[in-house]
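So for the sequence shown, UniProt numbering puts the first residue at 1; every next one is plus one.
Watch out, some of these pointers could steer you wrong.
Said to hold, decoys possible - No more than 27 Å apart at the CA atoms, straight line, and that leaves these computed lysine-lysine pairs for DSSO-like:
1) K6 / K200
2) K8 / K251
3) K200 / K8
4) K6 / K251
5) K6 / K59
6) K8 / K59
Source of the hints: derived by calculation from the structure; they are not laboratory data.
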Amino acid sequence: MSLLEKIKSGRPVYGTCITSPAPMWPAVARRAGLDFVFLDTEHIPLGRVELTQLSQAFKAMGITPIVRIPEPNPFLACQAIDGGAVGVVAPYLETVDQVMELVGATKYRPLKGELLTRYLYNQEPMPAGLADYVAAYNAGQLCIANIESVPALERLDDLLSVNGLDGVFIGPHDLSISLGLPEQYDHPVFEDAVRLIIQKSKQYGLAVGIHFSLAPERQIRWMEEGVNLVIHSSDIALLGQRLQNDMRIIKAAQGESVMADNPSFPVV
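Modelling step: build the complete structure from the supplied sequences, incorporating the hints.
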């Protein structure tokens with residue numbers, strides 16, 4: 001069963017963010033039982049060749065590569081898919097046109113230009129033979145919107161009702177900043193915003209996920225609220241957290257003074 005079929009059935013799926021092109025990560029992810037990996041090219045300096053190598057390696061392990069492109073740009077979305085991405089996330093979407101362009105790039109490839117616009121906006125019907133070809137060509141591709149700002153919250157119904165959208169990733173860091181509550185992830189206003197996005201996503205039949213690099217209990221809490229795309233932590237955060245903890249234990253055993261743990265890792 002593909003990842004798209006799993007989320008359409010309402011099943012939870014599990015993944016993590018990969019920021020390093022180390023060749024051993026796919027095997028590690030498989031042993032952890034992950035369904036997908038989140039490859040971030042918005043904040044992480046992953047080049048196109050590295051991204052292609054990672055995408056192909058994870059697919060070979062049966063793990064779905066989902067790529068966040070650096071900006072809402074349909075040509076970058078197509079590049080990611082050409083390299084092996086099975087899902088594309090566009091960051092900071094705030095307009096219906098931006099969502100429509102992402103749908104066009106992920107569901108209507110290889111159509112582009114004026115003709116794509118006509119089909120996307122139902123200005124004319126797509127010929128049956130072409131429609132069948134496009135559907136088969138893009139089978140299994142996921143189209144995911146990053147919702148992470150107050151303007152997006154204000155237009156939530158319009159954004160989430162776009163035909164062809166499969167899911168939503170909530171960007172907690174940018175959302176908290178946009179709300180004027182930097183990294184206050186337990187603030188009632190932030191929680192209400194997350195809860196609204198989850199509820200609206202479910203209303204429109206969309207999968208929804210949120211990415212935290214903090215304790216797994218936070219993921220469990222939001223799963224209880226309806227999250228089914230579980231994006232837990234990242235390679236660098238997990239290594240850093242475990243290394244801090246282990247060094248604290250080692251140094252304490254030698255009678256050395258131990259600094260307090262610093263749980264602050266990027267939440268993107």
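Structure-based check of all given hints:
Proposed proximity of K6 and K200 is supported: the alpha carbons are some 20 Å apart, at most 27 Å. Only pairs whose Cα atoms come within 27 Å are accepted, and K8 paired with K251 is rejected, the gap being roughly 49 Å. Restraint check for K200 and K8: the C-alpha separation of about 16 Å stays at or below 27 Å, so the hint holds. Of the pairs offered as hints, the one joining K6 and K251 is violated, with about 45 Å between alpha carbons and a cut-off of 27 Å exceeded.
As the CA atoms of K6 and K59 are separated by approximately 16 Å, the hinted pair is consistent with the 27 Å bound. Proximity of K8 to K59 is assessed by CA-CA distance (about 20 Å); at most 27 Å being required, the pair is judged to hold.
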